Amino acid sequence: MDLHPAFTIRPPKGWQPVDLAELWKYRELAWQLSLRDIRVRYKQTALGFAWVVIQPIFPMVAFTIFFGRLAGLEGRVPAGTPYSVFVLCGLIPWQLFATAINQSGSSVVNNRALITKIYFPRLIIPIVPILSGLADFTVGLTLLSVVMACFGVTPGTPVVFLPLFIVLALSAALAVGVWIAALNALYRDVQYTLALLTQIWLLVTPIAYPSSLVPERWRAIYSLNPMVGVVDGFRWSLLNGDPPRPLELAVSVVSVVITLIAGLYFFRRMEVTFADRV
Amino acid sequence: MSGLAIRVAGVGKSYRLGAGPSSLYIQDHLLSIATAPWRAARRLSRREATPPRERFWALQDISFDVQVGEVVGIIGRNGAGKSTLLKILSRVTSPETGEIDLYGRVGSLLEVGSGFHPELTGRENVYLNGAILGMTRIEVRQKFDDIISFAEVNQFIDTPVKFYSSGMYMRLAFAIAAHLEPEILIVDEVLAVGDAQFQKKCLGKMGEVAKGGRTVIFVSHNLGAVAELCQSAVVLQSGRMVFHGAVREGIDHYLAASRASTSSVRILECNPAKPIQVLKIEVANTEDVACSNFDLAEAVVLLITYRVNQPGSGYDVVVTLSRNGTHLFTTLDTDHRHELTGVRRVGEYATRFTVLPNVLKAGLYSVTIGTGITNKSLIEIHDDIVRFQVEELGEDTQFKGYADWRAGHIIAPVKWEFGEQRIPQRD
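Line by line, the protein sequences give chains R and Z. My numbering puts the first residue of the first sequence at 1, with every later residue one more than the last. My numbering puts the first residue of the second sequence at 1001, with every later residue one more than the last.
To be clear, the hints were calculated from the coordinates, so they are not data collected in a lab.
Anything over 12 angstroms on all C-beta distances counts as not near chain Z; from chain R, calculated:
| # | residue |
| --- | --- |
| 1 | Val18 |
| 2 | Phe58 |
| 3 | Leu70 |
| 4 | Gly72 |
| 5 | Ala79 |
| 6 | Cys150 |
| 7 | Gly152 |
| 8 | Phe161 |
| 9 | Ile166 |
| 10 | Ile200 |
| 11 | Val204 |
| 12 | Pro215 |
| 13 | Leu224 |
| 14 | Ile258 |
| 15 | Tyr265 |
Subject to a maximum C-alpha distance of 30 angstroms in a straight line, what follows is the list of computed BS3-like cross-link-like pairs (lysine-lysine):
| # | chain 1 | residue 1 | chain 2 | residue 2 |
| --- | --- | --- | --- | --- |
| 16 | Z | Lys1201 | Z | Lys1415 |
| 17 | Z | Lys1376 | Z | Lys1274 |
| 18 | Z | Lys1143 | R | Lys43 |
| 19 | Z | Lys1162 | Z | Lys1205 |
| 20 | Z | Lys1143 | Z | Lys1211 |
| 21 | Z | Lys1280 | Z | Lys1376 |
| 22 | R | Lys43 | Z | Lys1162 |
| 23 | Z | Lys1415 | Z | Lys1400 |
| 24 | Z | Lys1205 | R | Lys25 |
| 25 | Z | Lys1201 | Z | Lys1211 |
| 26 | Z | Lys1143 | R | Lys25 |
Because the structure is a prediction, the values reported are computed rather than measured. Just so you know, even glycine gets a beta-carbon here, dropped at the ideal spot from N, CA and C.
When you get a sec, could you build the whole thing from the sequences and use the hints?
Quick look at the structure:
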């Protein structure tokens, strides 16, 4: 006879840390849900998977014409790097981030059918769009290397640091995603501000312009936007750009870590009410 | 093996009533914060107390134990707290008080086909839904052939499920659920799916699960199925547990409790301005005892008292019966007693009206009553003034044409006749 219960259900108690062991136990579910998202995303679209390539190419062309040529930003990028490659190198991690925050932000509300019927660690819900976004990102990265090859740009040794910046981008997306997902379950207003937020965020990230354009005294505050560290890191490891400055990189990393930890606690605090709210 | 499987101790959960602070839009909250001082001032000037936040206890102080291998039915009226208890047991929502110990792996089926995506093929959905129900990929792979042959969808397994008929869809969804093998199984009314043949198969599978020594918690409106599958029952009433024990007693208790409810009687105010008016209407059984729950095989009696305030002719009393909101019929007290169309004298009258047994299907019925002057005018009408429930208590109607979920509203008074001879084929 078993004297110890396998599990005890208790009323929720305040602020709880993330149960990593349980999250790991449910990895199969996270994987299957990501697979579902990837399979479904481009079904019933005429161009299908081609969208993954079109999505970064179009803004690259538009940015090159308007910001590069007409606004004259072409001359401000490091010598030897074609402006198109410079922009694309920023767009690929940006799109990973933007898609992830948009989808994980609306994930709790979109998955209400599951949340009200089945138990699983709720954190899986905002994590899934970030995992499935990695598939598009892989294609995007391949595209970037093809474009780089066409323009004759070869990365140097800093390329070994690229995975670190990918992790930083994913962590930033998760940090923002869990906040928005939990807030969106409480207030639907959040959903409407998301598009606006993404637009503004795009401008405060050095995609069309190099971060060196930002006045020196603002650089540290500017780096509170974690995507500054990510994009600068991508350009350093792939395009032989200037190495990110330690202080600014540290600011980006610390801002991600704090937002992420606070976001996870907030999400855990709110998740017990999801089934009754959404 | 014996021992404790589930221990529920003092579980309760409440919800806040009213639209107030539960709004989904920030502006409402900002507005309510901004106007708070003003509202407080107004209350102070009028010496009103702060209105207490009303709380509705969906569940209160629920405690019971379930032994390993026991099959427990949870029964209760709509709103009694069945689904809240089920959601707490399956961890979808959390309790506010108390705790629940679970001795074993729990699988819960609050619906079948959770997470099914119409664009995905049957095969893809099996793996996805399996993962949602807590199966590993290896487990799903091992049971895959059993699942698709149980669902009878073998040749369509690589077709997107949006092309499935609803029957195929439900069969596949249930087949996955049926192959879940937890130590403790929590099931909502998912048995009411598919065609009769498939239902029979599901009931068989459920029976197998129960006999296989697994602990099952089963919630259903179908008391016939509960009686057949469960050994014990938990009866909930307005969020409280009113009975826990043997299933037969549990069902009796449930019925007794609902029979005692007085919603089946209405007394109306006397108004001498109306030439003829209804004073009292009561739903009762054949012994004229007030009752609000009937079996299919019981007659439903309406006891009506009315008063004629002014002498006159052509008066009638009109009754309309509705099932789940659909009008079934209208009948007048003068329909079969022509002499009533003559002059009625001032005074109180009692009339008795009977719906014969085996006419009303399971469902919620409401009675509209009125008075009038035949083909001339309506004097009064009281919509849905009393209600009663007809339930499938005595028999399991799963395979009957008059099961409550099938099309139609009555048990048709028809006759099927069978000859020994087969009709010869024409050449």
